[in-house]
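Construct the complete structure from the given sequences, taking the supplied hints into account.
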Amino acid sequence: MRVSAKNVMKQKSFHKGINKLVQEGAVQLYRSYTTNDYILGAVGQLQFEVFKFRMKNEYNSDVVMEPMGKKTARWIDPEQLDENMSASRNILVKDIP
Numbered sequence: 180m181r182v183s184a185k186n187v188m189k190q191k192s193f194h195k196g197i198n199k200l201v202q203e204g205a206v207q208l209y210r211s212y213t214t215n216d217y218i219l220g221a222v223g224q225l226q227f228e229v230f231k232f233r234m235k236n237e238y239n240s241d242v243v244m245e246p247m248g249k250k251t252a253r254w255i256d257p258e259q260l261d262e263n264m265s266a267s268r269n270i271l272v273k274d275i276p
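Residues in the sequence shown are numbered consecutively from 180, following my numbering.
Keep in mind that the hints were calculated from the coordinates and are not lab data.
Wrong hints could be hidden among the right ones.
Stated by the list, open to error - With beta-carbon atoms standing in for the labels, derived distance ranges:
(1) 225 <-> 181: 15 to 25 Å
(2) 195 <-> 258: 28 to 38 Å
(3) 194 <-> 223: 33 to 43 Å
(4) 237 <-> 261: 40 to 50 Å
(5) 258 <-> 235: 35 to 45 Å
Yeah, the Cβ is synthetic: ideal placement off N, Cα and C, and Gly gets one too.
The following block contains the structure:
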């Protein structure tokens, strides 16, 4: 799920909230290699809904969440990336610790 702050003036609270929720393990955070978008990973839809609720109520940051339509994820070694992997149908993301 692609996520961004609804109000660009709330970037500070957005980053604070997203970092705290990732530390708690509520969601996994990734960044796109090509667009630098924030990508969230979760086990199910409920985790995304809890994330959105907590961002609004605990961190005063409304978020925009866009489904990405991808169903398969795979871990790869960054040293093994090649140009074929960045085809238009693939989305490459990096794990944010």
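Violated hints - listed by number, lowest first: Hint check: 3 fails alone, others pass.
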